[in-house]
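Engineer: When you get a sec, could you build the whole thing from the sequences and use the hints?
Numbered per the numbering used here, the sequence shown spans residues 1 to 155.
Derived by calculation from the structure, the hints in this document are not laboratory data.
No residue lacks a Cβ here, since even glycine has one placed at the ideal position from N, Cα and C.
Don't take every hint at face value.
Stated by the list, open to error - Simulated restraints on C-beta separations:
{"#": "1", "residue 1": "Asp-99", "residue 2": "Leu-31", "range": "48 to 58 Å"}
{"#": "2", "residue 1": "Val-33", "residue 2": "Asp-132", "range": "35 to 45 Å"}
{"#": "3", "residue 1": "Asp-126", "residue 2": "Met-42", "range": "14 to 24 Å"}
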Amino acid sequence: MIEDGIAVLSAEFRRDERAIEGLPIRLVIALVVGVASLSVMMSMVNGIQGLAVVELDVQPEPEVITPGSQDLELTVVDPDGTPVADATVVVRGETARIDGVETARTDGSGVATVTVEPELGPNQVDGTLSIDVKPPAGSEYTDDRENTEILVVAE
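Structural biologist: Here's what the structure looks like:
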């Protein structure tokens, strides 16, 4: 008699196609709960930094120059305005031309001094120099967005 009951239940389970209906949603819920739990545990452990990176910006002084030899002071700062030391600043010609590429490293106050000698083409009234920053090695800094350009205007 028990064997007959087991056989009947087994046959019913084989015919029941609804068992898989709730499985995908249950898996998604389990995955979301697991990721949330992992996130909470990771934030509780000291010394683990997140995947967040800090975007750097450059504040050139002066922002507008004329053709000819110029000294530029380029201050590298984080979003809070805090100077960043040991970053490498790279100045390239865009629509204004310079010979090659000029580089300098920021000091303890986040300032790098670069000497450039920009030139404008014939009948060109203005042009730009671009600035890139290579963050200090091993830091959480990045420079993915464009920085302030230096405007070169004819006298």
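Engineer: All the hints need checking, so say for each whether the structure fits it.
Structural biologist: Against the structure, the hints come out as follows:
1. Asp-99 <-> Leu-31: 48 to 58 Å: This hint holds: roughly 57 Å between Cβ atoms.
2. Val-33 <-> Asp-132: 35 to 45 Å: Holds, at about 43 Å.
3. Asp-126 <-> Met-42: 14 to 24 Å: violated (50 Å)
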